[in-house]
Amino acid sequence: DVKVTQSSRYLVKRTGEKVFLECVQDMDHENMFWYRQDPGLGLRLIYFSYDVKMKEKGDIPEGYSVSREKKERFSLILESASTNQTSMYLCASSVAGGNGEQFFGPGTRLTVL
Amino acid sequence: DAKTTQPPSMDCAEGRAANLPCNHSTISGNEYVYWYRQIHSQGPQYIIHGLKNNETNEMASLIITEDRKSSTLILPHATLRDTAVYYCIPRKYSGGGADGLTFGKGTHLIIQP
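Chains as they are written, first to last, in the numbering used here: chain A, 1 to 113; chain B, 1 to 113.
If we strip away everything but chain A, and leave its shape as in the complex, we get:
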């Protein structure tokens, strides 16, 4: 069974802390994505990666960075967390050249106090 896992389901951090969100997929997918989902705003793309060490900005990259050192792992970094980054964070992966289907992890609900 295909799987995308995220390091935490719930996370509480303080303003100014550095936050790491980890995502691992076991499907050998080339593409990986980080989204945030907020009530009333829907799903928004933060960053994506189409290969190891490659990254592209999505629609809302400000305040975030990413790292992809291995094909199966894609990390989202909040350099200095702020309260407006309180959100549900979703990781997804897809195969290059496939039908566009993305496989999502269960999400991390991050609260920044």
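These aren't lab readings, by the way, just hints derived from the structure by calculation. A couple of the hints might just be wrong.
[Claimed, not checked] Under the rule of at most 27 Å between Cα atoms (straight-line distance), these lysine-lysine pairs were calculated in the BS3-like manner: (1) A:K53 / B:K92; (2) A:K57 / B:K52; (3) B:K105 / A:K57; (4) B:K92 / A:K57; (5) B:K92 / A:K71; (6) B:K3 / A:K3.
These numbers were taken from a predicted model, which means no experiment stands behind them.
Could you slot chain B onto chain A? The hints should help.
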């Protein structure tokens, strides 16, 4: 990307067919129609997609009108586990697979026992 209009909520009796409409009157010729759903507290799940022909898979059927301005997702025999928010997403697909998704507000489908 084209904008979509979906009813905010719908009810359907268990065992009946659930028909979820989506209006995407500004869809362009190279945009596919993708459907995803999100069960409470889970990540989104791909259901089906199509360009202009009707499509069917093990989960659902997709009916796209001839002018492509609207589509209907059909769950043939709805179960309680189909209670979820359903998203209709017109989306260009470049073939590489590294295209982000943008969800709107979707339709909250509630299956009644």
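Structure-based check of each hint:
1. Restraint check for A:K53 and B:K92: the C-alpha separation of about 25 Å stays at or below 27 Å, so the hint holds.
2. For the given pair, A:K57 sits about 31 Å from B:K52 by alpha-carbon distance, which is inconsistent with the 27 Å threshold.
3. Annotation: proposed proximity of B:K105 to A:K57 holds, straight-line Cα distance about 23 Å (limit 27 Å).
4. Distance restraint check for B:K92 and A:K57: the Cα-Cα separation of roughly 18 Å lies within the 27 Å cut-off, and the hinted pair is therefore satisfied.
5. Note on B:K92 and A:K71: the hinted pairing holds, with a Cα-Cα distance of about 25 Å set against a maximum of 27 Å.
6. Taking the CA atoms of B:K3 and A:K3, the gap is near 31 Å; set against the 27 Å cutoff, the hint is violated.
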